[in-house]
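Each chain is listed here by its residues.
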Amino acid sequence: MQQTQSEKLKQVGPGGTSGGPGPREREPFNYTDLGLRLIGLAFIDGIAIWFALSIYSRENSPIIPIALLLVTALINVIFLYGPLYPVRWLTPGLLMLLLMVIYPLGYNIYISFTNNSSGHTLTREQVVNQLKQQTYQPANAVTYSMTVYRNAAGQFKVVLKNPTNNTAFIGDQNGLQPYTAPATLPASLDGGYNKLTPFQAAAQQQALQNLNLRSNDLAIEIVSGSEAKESRSKYSYDAGSGKLMDLQTNTVYTPVNGTFTSPDGKTLTPGFTDLAGFDNYARVFTSGDITGPFIGVFIWTFIFAGMSVFLTFSVGLGMALVLNDDDLPLRTLFRVLLFIPYTIPAFISSLVWAGLFSIVGPVGEGFKSLFGQGFSFFSDPNAAKAMLLFVNTWLGYPYMMLICLGALQSIPADIYEAATIDGANRVQKFFSLTLPLLLVSVGPLLIGSFAFNFNNFGIIQLITQGGPADASTTTPAGKTDILISYTYRLAFGTGKGQDLGLAATISLFIFIIIAAITTFSFRYTKQLEEVLN
Amino acid sequence: MANVKSVPRTAAVPKEGSLSGARRMNILLKLVIAIIASIIALYPVVYVISASLNPTNSITDLIPGQVSFVNYNKLVNDNQYPVFVWLFNSIKVAAISTLVTVTLTAFAAYAFSRFRFKGRRTGLLVILLIQLFPNTLAIVSLYLLLLQIGNLVPWFGLNTHGGLILIYSGGALGFNTWLMKGFFDTIPRELDESGTIDGATPTQIFFLILLPLIRPILAVISILAFIGTYADFLIAKVMLTEKETYTLAVGLNLLLGDGGSQRASNWGLFAAAALIGALPIVVVFLILQKQLIGGLTTGAVKG
Chain E
1 MQQTQSEKLK
11 QVGPGGTSGG
21 PGPREREPFN
31 YTDLGLRLIG
41 LAFIDGIAIW
51 FALSIYSREN
61 SPIIPIALLL
71 VTALINVIFL
81 YGPLYPVRWL
91 TPGLLMLLLM
101 VIYPLGYNIY
111 ISFTNNSSGH
121 TLTREQVVNQ
131 LKQQTYQPAN
141 AVTYSMTVYR
151 NAAGQFKVVL
161 KNPTNNTAFI
171 GDQNGLQPYT
181 APATLPASLD
191 GGYNKLTPFQ
201 AAAQQQALQN
211 LNLRSNDLAI
221 EIVSGSEAKE
231 SRSKYSYDAG
241 SGKLMDLQTN
251 TVYTPVNGTF
261 TSPDGKTLTP
271 GFTDLAGFDN
281 YARVFTSGDI
291 TGPFIGVFIW
301 TFIFAGMSVF
311 LTFSVGLGMA
321 LVLNDDDLPL
331 RTLFRVLLFI
341 PYTIPAFISS
351 LVWAGLFSIV
361 GPVGEGFKSL
371 FGQGFSFFSD
381 PNAAKAMLLF
391 VNTWLGYPYM
401 MLICLGALQS
411 IPADIYEAAT
421 IDGANRVQKF
431 FSLTLPLLLV
441 SVGPLLIGSF
451 AFNFNNFGII
461 QLITQGGPAD
471 ASTTTPAGKT
481 DILISYTYRL
491 AFGTGKGQDL
501 GLAATISLFI
511 FIIIAAITTF
521 SFRYTKQLEE
531 VLN
Chain P
1 MANVKSVPRT
11 AAVPKEGSLS
21 GARRMNILLK
31 LVIAIIASII
41 ALYPVVYVIS
51 ASLNPTNSIT
61 DLIPGQVSFV
71 NYNKLVNDNQ
81 YPVFVWLFNS
91 IKVAAISTLV
101 TVTLTAFAAY
111 AFSRFRFKGR
121 RTGLLVILLI
131 QLFPNTLAIV
141 SLYLLLLQIG
151 NLVPWFGLNT
161 HGGLILIYSG
171 GALGFNTWLM
181 KGFFDTIPRE
191 LDESGTIDGA
201 TPTQIFFLIL
211 LPLIRPILAV
221 ISILAFIGTY
231 ADFLIAKVML
241 TEKETYTLAV
251 GLNLLLGDGG
261 SQRASNWGLF
271 AAAALIGALP
281 IVVVFLILQK
291 QLIGGLTTGA
301 VKG
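Chains E and P, in that order, are what the protein sequence lines are. When you number the first sequence by this note's numbering, it's gap-free, plus one each residue, and the end is 533. When you number the second sequence by this note's numbering, it's gap-free, plus one each residue, and the end is 303.
Note that these hints are calculated values from the structure, not bench results. These numbers come from a predicted model, not from an experiment. Be careful, since some hints might not be right.
Claimed, not checked - One side only, chain E facing chain P, incomplete, derived with CB under 10 Å:
1. 327
2. 398
3. 485
4. 497
5. 500
6. 507
Claimed, not checked - Chain P regions said to be covered by chain E (calculated; three or more residues, Cβ under 8 Å):
7. 91-97
8. 143-152
9. 162-173
As the list claims (entries may be wrong) - Partial chain E-side listing against chain P, Cβ under 10 Å, derived:
10. 101
11. 109
12. 318
13. 337
Backbone N, C-alpha and C fix where the C-beta goes; we use that ideal spot for every residue, glycine too.
Just chain E, same shape as in the assembly (with noise of 0.2 Å):
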């Protein structure tokens, strides 16, 4: 099918190989293949080149439009040039892989090194545009008297006379002209422009704030329905400097750590994010207010880590040894029902255990009719730590004990009988052999499970949103906070402000962190290289 459509191709329009690669022996060369190809890159490129000019036009930075087009053509290299035909199947995934996680790692890169926080979210360009727009009032402020006109669509139209001069300016939602006005206004101007009295002015004055009267540092302000006072803008911008000045008291403001600030030390805000070089990593080690939380945090979350897998590991074990006697009656349904708690969505579990051990709950009741007082294990450090490495066992033991499951049955038999024979207990027989035989297999996975305990946000936020929460510092950083959460917290928590510039900076740390843990792994992986054949 696919030949003959090619055949008849060839046979209609033979003139059209010039273009294109010419018949390869391994590929054959083939014409439907080769449309399909041009109207998919042409499609692309369209895109692709529209993105580049929408960034370019809003962003005013040629950085990501030239990247953005230089992916472009490389997609467009690799889709026609035969040689490339193996990376055409890896096209789709690496472009993913670019956009969403190689280009996100190094832009937490970058907003580590600025200072993008409350109060320092917007651009500098954007911080400027909006000081400009204030506005004050001279101390010799000229009180124009206004006429408003207004055509059949709604426009308006206004005259402003300067009383004392006989200067004019005509106004509407374009901006603002000079205008040579006769002593008497006329009732009418082009375009369709009626007078409107004072008093129906008036009416409209909603409408008028949206004209803009502006021009230069001129903006005139409506007052009333025939009048409107002259104000001035408030600040000018000095791009080469990069200063600010007010131009009501003659202060120059500078830019420091993306602040407007005088020289007397007066802010202006908001502030803008700007390059803050080695500040935030400085902050976490010298900065009181965030170090002791962070090494707070930091401990905490490699003891939560070490012990959810010492726990899981060891609880699973224990399962899979119980299961794995020969004799147990109903082995089969016990293994169903131990594994459960694995098949449940961690964050479902996580949220019904919160509920079990709230103080309302069975748990908070259990207490009070024990001990005659509810105990809230929310409210407690340790007791919180407590619950939550519970809740950990809880849920990931069973994957620990189907895997040791496995790993035992390959155990040999004989090792033990020999074992045996030489006159081992079994106790000593569990930690000389079975431990270390299994320790073997399962040990990358256990450090897996390590990483992955070091990141697991869900059960933290979930179960104690990292509370109870530390009064003794300003970041918003809880008693059982683990990294990942902190850095949550930091950068889109409520309550203490957003610093997306400590919280990028911290995922940093986190990220060295699992780097290194990796390269400690890969070292007992040997099956990788049996795939990388």
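Based on these hints, arrange chain P on the given structure of chain E.
Chain P alone, transformed into the frame defined by chain E:
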């Protein structure tokens, strides 16, 4: 315990009806442990089932005083907590992300398995290395990235399912690629070669010859990817800001609030929603246990 030494054969090859007293004790002990462990494992499950059927919204009773489906009825009619909308959102996002993930993975695995090209080994290693860093670590920049993308293409901005799917599919290449590549490697190359001789293009070989053969691994990876996405909390929590766009994980968290009285007052509703949200996953997992665990231990999912 000590007499294991004296009867070594019994431990290794137990014979029916010939169990010694100590061996009996041993099995009894194991049985007791298994029963206690099963009770702890199932306690929350039984508890939630009973709470979902308990019309009095009690958070403390294990056995409901009366049984009714009032909580399930409320779920259907509740506008304050649109649980079925959340469930639908979750399934939609997870299904599309899974489809994209599995497609991209299969393409990449095919190239890595069937072609020899420069940078192939490096490519495989880089994919593995990058995958080890969960993209949750870049959550801050992903947030800002979606903010920027949303300015250009509103469909993929913050608080959209498109944006969420984009992030979930971003990590498509990874362990999955390795797993699938390993599976491709087990399919004899002679099949491809016979296809080539019959005039098939590599594209035809992939879709017509190989794809049907890798269906088992496609199923495993799909299910694991689906469950992983379905259960994600962090990314969905950060990117979705309105109740109507929430996935089930974010929505249920909202339903229970952050403790205190709301936890108690919505408990029955939550229990019903939790059961509906968990049941399909539990069933799939129990049925396909062996295949899924096989995939998990070779690292089909992150973590």
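These are the hints, each one checked on the structure:
no.: 1; hint: 327; in the structure: 5 Å, holds
no.: 2; hint: 398; in the structure: 8 Å, holds
no.: 3; hint: 485; in the structure: 9 Å, holds
no.: 4; hint: 497; in the structure: 15 Å, violated
no.: 5; hint: 500; in the structure: 5 Å, holds
no.: 6; hint: 507; in the structure: 5 Å, holds
no.: 7; hint: 91-97; in the structure: violated (count 0)
no.: 8; hint: 143-152; in the structure: holds (count 5)
no.: 9; hint: 162-173; in the structure: holds (count 7)
no.: 10; hint: 101; in the structure: 5 Å, holds
no.: 11; hint: 109; in the structure: 9 Å, holds
no.: 12; hint: 318; in the structure: 8 Å, holds
no.: 13; hint: 337; in the structure: 4 Å, holds
When the structure is compared with the earlier hints, violations turn up for hints 4, 7 and for no others.
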